[in-house]
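Undergrad: Respectively, the protein sequence lines represent chains A and D. The opening residue of the first sequence carries number 1 in this note's numbering; numbering runs sequentially from there. The opening residue of the second sequence carries number 350 in this note's numbering; numbering runs sequentially from there.
There may be inaccurate statements among the hints.
[What the hints assert, rightly or not] Chain A side only, calculated, beta carbon under 8 Å to chain D, not exhaustive:
no.: 1; residue: 74
no.: 2; residue: 78
no.: 3; residue: 164
no.: 4; residue: 259
no.: 5; residue: 287
no.: 6; residue: 312
[As the list claims (entries may be wrong)] Covered stretches of chain A, going by a simulated chain D footprint (3 or more residues, C-beta under 8 Å):
no.: 7; segment: 27–36
no.: 8; segment: 289–298
no.: 9; segment: 333–347
Since the hints were derived computationally from the structure, they do not count as laboratory data. Note that the Cβ used here is the ideal one computed from N, Cα and C, for glycine as well.
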Amino acid sequence: MNRPPAYIISKASLSAWVEELARAATVIAPTAAHGADVVYDVVESAQDVMWDYTSSLTPLKRFLFPQIEPLLRWRPSPGNGIEIEPTYDETERVFLGVRSCDISAVGFLDRVFMRDREDAYYLARRRRTTLIGLACTQPGENCFCVCADAGPFLDEGYDLQLIDLKDCMLVDVGSEKGAALVEQSASLFSPAPLSLLDVKANLKREAEAHFGEPKAYFSAALRKVTFDQTPDELWEQMADRCLECGGCAFVCPTCTCFLTADWPAEQGGERCRLWDSCLYENYASEASGHNPRAQRMDRLKARFFHKLSYQFAKPLEQHGCVGCGRCITACLGSNDMPTVTARLRRGAL
Amino acid sequence: MENIYVPDVVKIASVKDETYDTKTFSLRFTEPDRWSTFQYRPGQFVEVSVFGVGEAPFCLASRRDGRETFDITVRRTGTVTDQLHRLAPGSHLGVRGPLGNGFPFEDVKGRDIVFVGGGIGLPPLRPLIWEMLESRADFGKITVLYGARTPADLVYKDELELWRSHDDVEFMVTVDMPDETWSDNVGVVGSLFPHVAIDPEQTSAFVCGPPIMIKFVVTDLLALRLDETDIYTTLERHMRCGVGKCNHCLIGDKYVCIDGPVFSYRQMKMMRDPG
């Protein structure tokens, strides 16, 4: 029987591996930040990598689709009037120790930016991206990837997936890129004995058991949003709790709304794109002053329609939530995914 | 690598004042070969960059012909249009497009055609009117009804006269508020319907204008027993990226920029913003 190749790497070898990875690329890994926060950030040495963490404050999104991203520079040119030069980020990046929800979200971003019309900026970054996941053996208190089919262990979407077996890491290979990475540092890896498959399966079962009661009852919410069976009063009540801060969108690994802005310089200038949030009052405003989504409840409803409806899930092959739980932390009004889906499920007020 | 966000550079070939707040800009690509690949359909649009200010969407307002220029007709309403109005011939702009779906043409061959334009809603219809007049034999009766708030708000005044004098077109114009020089019809554009003969079975209607005008005209056309699938209109939303990525123009799950901007009334009715 064919099975995807798996290896083991000892914990003692991880430092050497990180250093080898860092020779060829920028390594981004969970690392200690302000207070008790953990964020994905560039690590300078293997000691900076946190192997034991639950989730990072923000997802990988900002590396693949930055909050402010230069698109092009223009400058006056004698021949053409204006010369335009697109600006691509060609940094080679290895993301190491990434949680399953965040790996799943990259798959979602891939479809948003690469389906139909390819987004050259995303593509330039994505092509130079290696994803090394770290399966979740101990979910955090806000985690609900298990409800969103996005973790805690993954079968695809990664180049390599690490599974912490206490004294070593089991390494699942998910792509040719991942296989090549193991090949490059072959002396650090050894083939995993078959017996470890059972160990992995047990760990996965244990991890799933840690989630306890389901947090996000998606299916009723999906159906009601898809068929527009949600009472306006409910949205009105939830909208009353929304501060329009945009925090939910900014921490969300699958939110991708953007706008562009020009920064003129002395000679020419730069056009950037910036994250936007569909909850902002003037999100859909037109030059005439007309605002087709003038009411906050309209915007809130549109946000969850985009996240949950079958109409969007079908082309994107996935709902717009991977259960990372970051909106629970970010939203001061508790309009987070588990709360909203619970209220949609109950229907009545 | 093809890049959907990088504009082509155009030069303003000429500027024409249409009204007190509206100008038509004729644009020419600085890259000579670009024109031959710039194949567009009436009803499609472009994103125009005023570098340093930003981008805004405008419908392609001229028929693609041998001039190797194309028109946009722009009312001064926001930051981009404000700056655009200050520019003279010779200035450079960016253009991305053509974008969007465009009006049906082959599908309505053999039918009577009614165009209903309101104010600044005439520009998207203009290239389609000329294109149909070019293949006049392919269509039945062609009627153009145009309304504006005041005589000063009428665009393409020279062309209105051409259509008025055209043997093969029934043309009528009306204003809501006449001035002392106005001797033509007075009233909203829908008030012209009783003056034209429309065979509901045989007619396809193209309606463009402000949302409130579209709403009333569609009601009138349905009352005349036109089928919902025979009424076409263009929807306005703030299409920022124009390529279905930024999400600003979403209505429900439809992107006005790629699924539209042209929709039949039947499609429009099915579209609902969840809000």
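Undergrad: Decide, hint by hint, whether the structure agrees.
TA: Evaluation of the provided hints:
At a threshold of 8 Å, the smallest CB-CB gap from residue 74/A to chain D is about 5 Å, leaving the interface hint in force. Because the smallest distance between the Cβ of residue 78/A and any Cβ of chain D comes to about 12 Å, over 8 Å, the interface hint for this residue is violated. For residue 164/A, the shortest C-beta to C-beta distance to chain D is roughly 37 Å, which exceeds 8 Å, and the interface hint is violated. The closest approach between the C-beta of residue 259/A and any C-beta of chain D is roughly 6 Å, which is under the 8 Å cut-off, so the hint is satisfied.
At about 3 Å, the closest approach between the beta carbon of residue 287/A and any beta carbon in chain D falls short of 8 Å, and the interface hint on this residue holds. Hint on residue 312/A holds. Least Cβ distance to chain D is approximately 6 Å, under the 8 Å limit. Residues of the segment 27–36 of chain A with a Cβ under 8 Å from some Cβ of chain D number 0, which does not satisfy the need for three, so the listed coverage is violated. Beta-carbon proximity to chain D at under 8 Å applies to 6 residues in the segment 289–298 of chain A; the threshold of 3 is reached and the given coverage holds.
Only residues whose C-beta sits within less than 8 Å of a C-beta in chain D count toward coverage, and the segment 333–347 of chain A has 0 of them, not enough to reach three; the restraint is violated.
The structure fails to meet hints 2, 3, 7 and 9 from the earlier list, while all remaining hints are met.
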